[in-house]
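Participant: Given these sequences and hints, build the entire structure.
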Amino acid sequence: MIPLSWYLTLAAGLFSFGLYGVLARKNAIAILMGVELMLNAVNINLVAFWRYLTSDSMNGQAFAVMVFAVAAAEVAVGLALVISVYRRRKTVSADEINLMKW
Amino acid sequence: MTPIQVVFLFTAALILWAAFMMVTRQNLVHAALYLIVALFGVAVIFVLLEAGFLAVIQVLVYIGAIAILMIFAVMLTRGDVSHESESVNRGFGWAALLAALFCFGLIILLGQSPAINTPAPALAVDRDTVFELGRALVSPDAYVIPFEVASVLLLAALIGALVVARPHIKEKSKQR
Numbered sequence: 001m002i003p004l005s006w007y008l009t010l011a012a013g014l015f016s017f018g019l020y021g022v023l024a025r026k027n028a029i030a031i032l033m034g035v036e037l038m039l040n041a042v043n044i045n046l047v048a049f050w051r052y053l054t055s056d057s058m059n060g061q062a063f064a065v066m067v068f069a070v071a072a073a074e075v076a077v078g079l080a081l082v083i084s085v086y087r088r089r090k091t092v093s094a095d096e097i098n099l100m101k102w
Numbered sequence: 001m002t003p004i005q006v007v008f009l010f011t012a013a014l015i016l017w018a019a020f021m022m023v024t025r026q027n028l029v030h031a032a033l034y035l036i037v038a039l040f041g042v043a044v045i046f047v048l049l050e051a052g053f054l055a056v057i058q059v060l061v062y063i064g065a066i067a068i069l070m071i072f073a074v075m076l077t078r079g080d081v082s083h084e085s086e087s088v089n090r091g092f093g094w095a096a097l098l099a100a101l102f103c104f105g106l107i108i109l110l111g112q113s114p115a116i117n118t119p120a121p122a123l124a125v126d127r128d129t130v131f132e133l134g135r136a137l138v139s140p141d142a143y144v145i146p147f148e149v150a151s152v153l154l155l156a157a158l159i160g161a162l163v164v165a166r167p168h169i170k171e172k173s174k175q176r
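Just so you know, the sequences run in chain order A and B. If you're matching positions, the first sequence starts at 1 in our numbering and goes up one per residue. If you're matching positions, the second sequence starts at 1 in our numbering and goes up one per residue.
Everything labelled a hint here was simulated from the structure, so no lab data went into it. Don't be surprised by glycine CBs; every beta carbon is placed ideally from N, CA and C. Watch out, some of these pointers could steer you wrong.
To give a feel for the contact side, a few chain A residues facing chain B, derived at Cβ under 8 Å [unchecked claim]:
(1) Gly21
(2) Met33
(3) Gln61
(4) Val82
Which stretches of chain A does chain B cover? Using the computed rule of at least three CB atoms under 8 Å from a CB of chain B, they are [as the list claims (entries may be wrong)]:
(5) 3-17
(6) 22-28
(7) 48-55
(8) 62-73
Facilitator: Below is the structure:
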């Protein structure tokens, strides 16, 4: 039997890699990939807690399905923004997209 | 150590390795391929957690749609990226420090939780969790409103992505 703490540790590690990717990468698409890693870590946590603590109802899995839908919407709009920015500025580097920087 | 634990440890090592490679690769197409490896590992984790439907959705939605969309976007925006000398910004040391601190903080915090040692209750043999999940998503006293809101959100994202990514009319006439 796998202890719950193993799943949570895996999710913490995966979330931290995603956080590093979001904070450190320059390319806007790489930042979106980091966000995907973080969402997956959250999903592992949701399903693990569902399986270990509340498996008599389906709440955890239903939340995970919502996270899937939001992730799909987020990546569609995010990549559309990236392509739109690329078309105007010929760059997708996050530190060169500074028109609205104060 | 039981075989299922060996499977878990192997999958977890694969996921974390792929995630590390993903955030450190310069070439974004390689990063997207490592992202696919990590997403597939998460699907295996869902199977280990007896959430088979979510594992299928993970492969369909994340690998089949999101990762492919990422690769398309990488290839559509390839102008200056491949020649870029550095792929991380100046503060990447702080980012790494923050991420490591966050990870250790989370692990220490969850070690103090009393729920951490609960064994997984066995699911009843005749229980159909896919059926129950489908019922929960459309039943009025469970998740029908979030379900409908999610469908509106997806429609809004579809229209929004089309509007945002469409070339503007002025630009189009300039290009001609």
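Participant: Quick check: which numbered hints come out false for this structure?
Facilitator: none
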